[in-house]
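Please model the complete structure; the sequences and the hints are all you need to start from.
Protein chains in written order, with our numbering: chain A, 1 to 496; chain B, 497 to 992; chain C, 993 to 1439; chain D, 1440 to 1886.
Since the hints were derived computationally from the structure, they do not count as laboratory data.
Don't be surprised by glycine CBs; every beta carbon is placed ideally from N, CA and C.
It is possible that part of the hints are untrue.
Here are some of the chain C residues that sit facing chain B, going by a computed Cβ distance under 8 Å [what the hints assert, rightly or not]: (1) Asp1017; (2) Leu1018; (3) Phe1019; (4) Glu1216; (5) Gly1222; (6) Thr1300; (7) Cys1318.
Far from chain D by the CB rule (all over 12 Å, computed), these chain A residues [stated by the list, open to error]: (8) Leu227; (9) Gly274; (10) Thr393.
In the DSBU-like style, the derived pairs of lysine-lysine whose C-alpha atoms are separated by at most 35 Å in a straight line are [said to hold, decoys possible]: (11) Lys972/B - Lys1275/C; (12) Lys974/B - Lys1275/C; (13) Lys646/B - Lys1432/C; (14) Lys1275/C - Lys1140/C; (15) Lys953/B - Lys972/B; (16) Lys1432/C - Lys1592/D.
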Amino acid sequence: QDEALIFELGGWDKTGVDLEPAELDASDLAGLTRTAPIGLPGLSEPETVRHYVRLSQKNHAIDLALYPLGSCTMKHNPRLNEKAARLPGFADLHPLAPVSTTQGALELMDSLAHWLKTLTAMPAVALSPKAGAHGELCGLLTIKAAHEAKGQGHRRTVLVPTSAHGTNPATAAFVGYDVTEIAQTPDGRVDLTDLAAKLSPDVAAIMVTNPNTCGLFERDIIEIAKLTHAAGAYFYCDGANFNAIVGRVRPGDLGVDAMHINLHKTFSTPHGGGGPGAGPVVLSEALAPFAPAPWVVSGHEGFKLVEDCVDEAAQGFGRMVAFQGQMGMFVRAYAYMLSHGSDGLRQVAEDAVLNANYIKARLSGAMSPAFPDGPCMHEALFDDAWLEGTGVTTLDFAKAMIDEGFHPMTMYFPLVVHGAMLIEPTETESKQELDRFCDALLALAEAAKAGDGDRFKGAPYLAPMRRLDETLAARKPKLTWRPEPTTVAPAPLAAE
Amino acid sequence: QDEALIFELGGWDKTGVDLEPAELDASDLAGLTRTAPIGLPGLSEPETVRHYVRLSQKNHAIDLALYPLGSCTMKHNPRLNEKAARLPGFADLHPLAPVSTTQGALELMDSLAHWLKTLTAMPAVALSPKAGAHGELCGLLTIKAAHEAKGQGHRRTVLVPTSAHGTNPATAAFVGYDVTEIAQTPDGRVDLTDLAAKLSPDVAAIMVTNPNTCGLFERDIIEIAKLTHAAGAYFYCDGANFNAIVGRVRPGDLGVDAMHINLHKTFSTPHGGGGPGAGPVVLSEALAPFAPAPWVVSGHEGFKLVEDCVDEAAQGFGRMVAFQGQMGMFVRAYAYMLSHGSDGLRQVAEDAVLNANYIKARLSGAMSPAFPDGPCMHEALFDDAWLEGTGVTTLDFAKAMIDEGFHPMTMYFPLVVHGAMLIEPTETESKQELDRFCDALLALAEAAKAGDGDRFKGAPYLAPMRRLDETLAARKPKLTWRPEPTTVAPAPLAAE
Amino acid sequence: MRYLPLTQADRAQMLGVIGVSSVDDLFADVPAAARKAELFDLPRHAGEMEVERHLNSLAAKNRPAGAGPFFCGAGAYKHHIPSTVDHIIQRSEFLTSYTPYQPEIAQGTLQVLFEFQTQVAALTGLEVANASMYDGSTACAEAVLMAKRVTRKNRAVVSGGLHPHYAAVTQTIAHAEGMDIARLDVAIDAEAAVVDAITPDTACVVVQTPNVFGVVTDVTKIAEAAHAAGALLIVVTTEAVSYGLLKSPGEMGADIAVAEGQSIGVPLGFGGPYVGLFACREKFVRQMPGRLCGETVDAEGRRGFVLTLSTREQHIRREKATSNICTNSGLCALAFSIHMTLLGERGLRDLAAVNHAKARQLRDALAAVPGVEVLSPRFFNEFAIRVPGGAASCVEALLADGIVAGVPFSRLDPKAGLDDVLLVAATETTTAEDIAAFAKALQGRTL
Amino acid sequence: MRYLPLTQADRAQMLGVIGVSSVDDLFADVPAAARKAELFDLPRHAGEMEVERHLNSLAAKNRPAGAGPFFCGAGAYKHHIPSTVDHIIQRSEFLTSYTPYQPEIAQGTLQVLFEFQTQVAALTGLEVANASMYDGSTACAEAVLMAKRVTRKNRAVVSGGLHPHYAAVTQTIAHAEGMDIARLDVAIDAEAAVVDAITPDTACVVVQTPNVFGVVTDVTKIAEAAHAAGALLIVVTTEAVSYGLLKSPGEMGADIAVAEGQSIGVPLGFGGPYVGLFACREKFVRQMPGRLCGETVDAEGRRGFVLTLSTREQHIRREKATSNICTNSGLCALAFSIHMTLLGERGLRDLAAVNHAKARQLRDALAAVPGVEVLSPRFFNEFAIRVPGGAASCVEALLADGIVAGVPFSRLDPKAGLDDVLLVAATETTTAEDIAAFAKALQGRTL
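Laid out in structure tokens, this is it:
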């Protein structure tokens, strides 16, 4: 059933709030008052609720079924964490309220930092970045500042493997670096020879994801770090996949200098249709002095918030955001950490890896794993070799999964694998659900090989919409609703 | 997609809570400890969430579309009220906590009572009944006690119109009364002549719904009350439809002696899949002394809860429930009253009646209104005369409405109309939604008359399930899940 | 007004379609004398912020159970509720749906009820359960009336250990139906006296375990005596968590088990809404009150669920119905069922064990206070103590120390002459610090 | 562990299917030295009740804005949020979904984003808006970088009235991209100085209205000067409610408007998550950062929505992307959009009028306090005052009276030499009693 847009429901003069309109004395506004209508519709509360509840039912969600988006880590979001984040002491706290009235919040940030540092064996953490890519930005800005402080500001290059998330090269470019790609070995890891060759004195940093986007642990990670450091560069680790090793392996033990942690992946803060996230960055001793403001310090008189780099940390590179970062996510992530504890977090990594390997094992007969030898970590990567000759593409196969009640896996990423299908189940799936998923995929694979092309080319059939025309959308972008020529334009509001 | 039962998910040894098991010392249990397994499955939290979220999507709800169940009053449930009811000061309050620690709760009950008494022009209210039918029970018990106190305990009969809710005769019988039906006039009201004839000295009370279940106001209501009182009987008014007149007409002005108010109808506490409700009963001066415990009194030292009839109200007939009644519903209803105010509540009644008459007007061309002359109140009643010869029944028509995205109207009730269809839109529907509804019904009516029988006989086609076999369910009732013979019975838990 | 979608323009247009000139015309059937033109003497509408402020201020005048050491029980218990429970019951599709009369678009509610019935049957050790009652007390009264229908006898023997509110409700309602209620003397270990009170004209025997003084009793012998007299045994439980540790009513011979389900998934809420559990032997199913959900198939043969056996109910049978009940406690039953699913057998057993262990710790601590006497010989998570100087004044005094000490028995039954009896309960929410503080304060007050 | 569904039996069975003997085998690629056998030095797992208690105790150490008279603003504002907003954003289907990469099963999120974009475009008076940014400060920095891409020039003129945090974020990020940031002197009515600072090599001019001192400015002249120099005008707003009363950036000639959307639908949350609004003229759309949602049709011709123009984005263009952004602030955008839908044009205008009226009342009350000087000549709902003895110590002193008096400007910018400037804000949540208490306490402290 189609749901009308809010602009089509005729509510140009309606409202869903009861405000006593104040009489307007505009003498303090210097003639800046609006005169023309804004063009915003309003709806009564019942209509509003219905509009959004109806819309919501058109979404897939982790609460409905497996959501195996590789590298996106769609796991269960505990409702305890939602409840905690809504305590007035956190939700109704102003970011600039007097510090003496925010001691609990600062304590929580301090405790969260302690957990992150302990889990990574890194001495410092910058909490403020608002998402993973923002954390990458923070990390590279820290590295840049460190180089500049050492008189190494001339270093212009960042090395990035081809398999990297797009955010890695984009961030490096954003900070003004040139990006050079590092080759990959046939078994899906960084090519050490190529790396060594490219580690010139111009290199500021390498950015390596570990476990990498092929779902594999970089076996030579310690060697990579050594080579990098020997070249005078820093090792930035993309921590998007930290969930695979949390509680079991500490990046600090591997020689990492900076790593962002997606709280919305490893520590299960909800994705909310694409955000908000949170991307704290842990830093090595070498980089710690260059961290951005603000940060929390504890002292005799309780917790303090250092908000300006000027006095207390002259080397800090500046500021990533207004205020302190994603406090709402800090509360959720901290609640998740406390719930799991050191033992539970270790189990998280183990079950995530176990689930991925189970899927890989069950599907490998019918589909072609990109790296069949050895275990994968938290996600299983397949290529489209097994679809050859069927006329079915990775995209078609993915859309057919929708008709089986599942969200498709990540497709065509990483770029190093042809027609990639990256499946990440996470640790919060039961064996029953994994089996239901594998059974569905095996049946689909059989259908594809049996030549049942229609089932794929036309898919999805059972979703709220059939396949959408993305080319049309991009050719002549229609990004906002505008009244049809026949629509009566909203009348200016009568002065009441 | 079918959703497995919790018993089929293999969770005989799983749990979704983390409790440190206490060592059991059974020395205070006198050998009463369980030995055999209970047979309860458990699920982890992610599995639990998914099970219930999936199930929920198989329900229709007022938040999804019009829910025009006549006499059930499915209106918008404000979320403010949900939030208020969850304040720890209300939700985490023990019913027997020291009275000095519950002053706010008692004040709220006292204020709610004040609103109910003012809106009905009645001097007293018993808050504790847990639902409408429970309120009827309370009302009749009060009447019984009053008669007994007057030496009129011999009165054995309660008069009830044929159009009454089933709860009316059921309640009268429950209290030990004999039920006699009152006839109805062709225009859908109580037949005064028949009433007068049946008002013998044996009659304890009449039970009349007003507005009645035909959606009509009892024009002769004042006369009815006079006749009743003249015969020494009491006038119990079924207040299920109070929403049609709230803020505009006061039952006390009509001669009513007792009336229950469904807080979940008039005052919009959510129905929750069938309950909980709340059914406070307003009482006339004659009946007030016989009200059940408990009640709230206010004095110099704050509010007091009178929990026992013994001392302070020797005439009280007893107790309806443990504790004070549906406090959670009181909070919601009170929030609703405060939000609407005296002006808003009046508008509630007016819009509810306007919406019903609008539907009646729009549909009357195609469907046959049971009482075409004059306005209806909050609901529009149709019979099935217009379906004659189409082969389509009221039930078929209702099931076809499901395919249009609407919940069917109340069917085959009231009993006085053949193939009754009772449509109650409530005041929280917009004109757009009413038009969408009327358009859908008019199109269906046309299809029925055009002989498109399959569309009706097989309906619903688009619901989570096709039509269910209710006869089979009743013939050999299967009321609990039991393991199939092949199922492995749950093993006793290992002592850990 | 934010809840009312009609605009003035809508209203005018709709009146035109109806063919009347004003909304007053639609109220023409109301006698002129009763047609009020003026607004009633109540406040006008208020914005959400204003209403919320007012309710916050009322809530702030109460002391929630979680605010400090808290030991009240007596039929309502402070337990931890997983946040998942409240999240799910707030989903629109559960919260804002009606009784599942149209099963094709109510399978969510119906499957939940079927699962709930199965859980309740398992917990009580009986074959069938209904889809919930208003609460434990009304379930108890309905059970007595049901026993009358089954046995066609008129006398009910009610143990002196039954919660006084339950006894009052049962008495009120059963009496109206013309039953003769023999309520035995109130006593700590009251169940011992029940067997002797059973007569051949007894329809049912009502016993509670754990009883209102927390005393647990093996009712097997009472069941035998009742059955020998052609009476049914009704076993009442007000603390559903006890099912995790104690023998079920069914195992001990009960014919009907009723309980207050509040302890599992439902907040204290100052007494309601709660959820009554009602289970019985299968042979009595057609005499049960309340809604029942049953399994069936749809037109395509798929398993589905419907309300069934509704010929027992008022909307079909009217004055011949087994009960006048229409509304149930569906949303609370959902909460109960979710919490029970999270617990599972393992979690429920653990929870019950923790509750019992905490109560034992509490007992040990209070028994050590000079002048205090523990009265309940066997108990689950609640017991009675004798406090010098009266229970009500003890509670009042300890409140000044920040402790809510429990429920004075006299509050439930002022005529029983047990003014010095205090009912105290412990649950998994009780901490060692709570217990120590209670004992210390009590010692300070009794010295 | 309650969040982990696998049982030991499951794990054993799955290891068998995989063909390894233990889960350690799956970690074989980890260098032995880094494979930790022991648990890290952190607490073990905890039950929900224990975690909740701990978090409650931390929350209780903070004083929420709603606890009493409260006048902080400076980029984050205390507004009433209708309860409907939070209810809807907690729905599983919104809360636990990912970026809508598969539009067939993400129309809920996508239609919301399309509606959000339209609302933001209408509010800012510009043609297109994106699907949200992290917050206002990062949106500001992104706008400056975008101006560089559009104009191919490197200099940004930043008004001294821009929120110091925004200026710092912009400086940090734009500087890293090699831009030259000319931040003008901090002053109450700083925008007056902007026009003179525009040079031919200026890529953009950044002005804020209402500025950080609450001062509202007609930027039309600045727009003309910027355009004459081939520069873009970026208008920043930190209080989105002001859109209801003031001329929009687009009406005054802005090319890009960015704002902090927190005031509509998003709680204070100690600074995040918030929602950045970003709108611009249509001709610049392909240089925009962030996600965009566009209308299209499905295979059956029905209207639907998709993420579009993603060739601007990092996952397609990698180092050539317009921004490195991946995550947005979708759930906060949803909250914003719901609240805006509830308000509608009428509600937003009323809300803005109430805010302004309360601020005027506050101004009048504070202006009457001897020694206090009101500094902002024109304002919406916030203004600066000079308090004798320093703003920070004034706030500290008034805290003892239970009043949170506002934000000392020195906290935002300690180097500006404005230690006696206090920023005070009023909203619809401010009561007449709050204002009176503030004025009285201030008088008591300044006398």
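Hold the hint about Phe1019/C up to the distance rule: shortest CB distance to chain B must be less than 8 Å. It holds, given that the least Cβ distance between Phe1019/C and chain B is near 7 Å, below 8 Å.
Chain B contact restraint on Gly1222/C - CB to CB distance below 8 Å: violated (23 Å)
Agreement of Lys1275/C and Lys1140/C with the hint, judged by alpha carbon distance not exceeding 35 Å: holds (15 Å)
With the threshold set at 35 Å, check whether the alpha-carbon distance from Lys1432/C to Lys1592/D stays at or below it. violated (76 Å)
Between Lys974/B and Lys1275/C, does the CA-CA distance stay at or below 35 Å? holds (13 Å)
Can we trust that Leu227/A is non-interface, i.e. its beta-carbon lies farther than 12 Å from all of chain D? holds (15 Å)
May I ask you to test the interface hint for Cys1318/C with respect to chain B, counting a Cβ-Cβ separation under 8 Å as satisfied? holds (5 Å)
Given the hint that Lys646/B pairs with Lys1432/C, test it: the Cα-Cα distance must not exceed 35 Å. Not satisfied, since the Cα-Cα distance of roughly 55 Å exceeds 35 Å.
Any CB of chain B closer than 8 Å to the CB of Asp1017/C? holds (7 Å)
Per the CB criterion, is Thr1300/C less than 8 Å away from chain B? Status holds, d = 4 Å.
Confirm or reject the statement that Thr393/A sits farther than 12 Å, beta carbon to beta carbon, from all of chain D. holds (15 Å)
Since Gly274/A was said not to touch the interface, does its Cβ keep a gap of more than 12 Å from each Cβ of chain D? violated (4 Å)
When held up to the earlier numbered hints, the structure conflicts with 4, 5, 9, 13 and 16 and fits the remainder.
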